[in-house]
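Using full-length UniProt numbering, the letters of the sequence shown correspond one by one to residues 1 to 109.
There's no promise every hint is true.
Unchecked claim - SDA-like mimics (lysine to any residue), calculated; alpha carbons at most 20 Å apart, straight line:
#1 K96 with G67
#2 K79 with K63
#3 K79 with C44
#4 K45 with A87
#5 K63 with T99
#6 K102 with R70
#7 K47 with G32
#8 K103 with K45
#9 K63 with I13
#10 K63 with K96
Just so you know, these hints were derived from the structure itself, not from any lab.
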Amino acid sequence: MTWAQKEGLWTGIVTTTRVTHATPAGSYAHSGYRDWEASTPDDCKAKDIAQQLVQDSPGSGFKVIMGGGRKMFLGVDAKDDEGMPGARPDGSDLIKEWTESKKGQGNAL
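Start from the sequences, fold in the hints, and give me the full structure.
Set out below in structure tokens:
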């Protein structure tokens with residue numbers, strides 16, 4: 001993915017599972033444990049998989065992200081459009097963060 005992005009190509013992921021699941025995450029994240037989708041242990045300084053997708057390269061450069069797992073991007077006190085709770089103990093809204101970072105770039109939701 002990184003090589004393709006360096007060449008100016010569009011990149012992304014399409015999956016029938018959560019976009020933070022170990023298989024699709026292998027294309028953009030580095031994680032010590034496959035279940036660190038929405039959080040990491042308190043003594044760990046690494047970012048969880050959802051954070052890496054939104055905040056780090058190559059995930060932050062994706063033009064297409066299609067799949068499930070919306071709860072991994074929302075805080076535990078938040079509800080998605082269908083009333084389902086988020087899974088992030090830090091309370092962050094990575095969907096909003098990603099949307100804000102893409103304003104003016106021609107990306108759609």
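Evaluated hints:
Distance check on the hinted pair: K96 and G67 sit about 17 Å apart at the alpha-carbon level, within 20 Å; holds. The suggested pairing of K79 with K63 is violated, with an alpha-carbon distance near 25 Å, which exceeds 20 Å. With a C-alpha separation of about 27 Å, the suggested pairing of K79 with C44 is violated against the 20 Å cut-off. Pair hint K45 plus A87 holds up; C-alpha atoms about 19 Å apart against a cutoff of 20 Å.
A threshold of 20 Å between alpha carbons decides the hint, and for K63 with T99 the separation of about 12 Å falls inside it, so the pair holds. About 18 Å separates the Cα atoms of K102 and R70, which keeps this hinted pair within 20 Å; it holds. Annotation: proposed proximity of K47 to G32 holds, straight-line Cα distance about 10 Å (limit 20 Å). At roughly 29 Å between alpha-carbon atoms, K103 and K45 are farther apart than 20 Å, so this suggested pair is violated.
This hinted pair checks out: K63 and I13 have alpha carbons roughly 9 Å apart, not beyond 20 Å. Taking the CA atoms of K63 and K96, the gap is about 16 Å. The hint holds against a cut of 20 Å.
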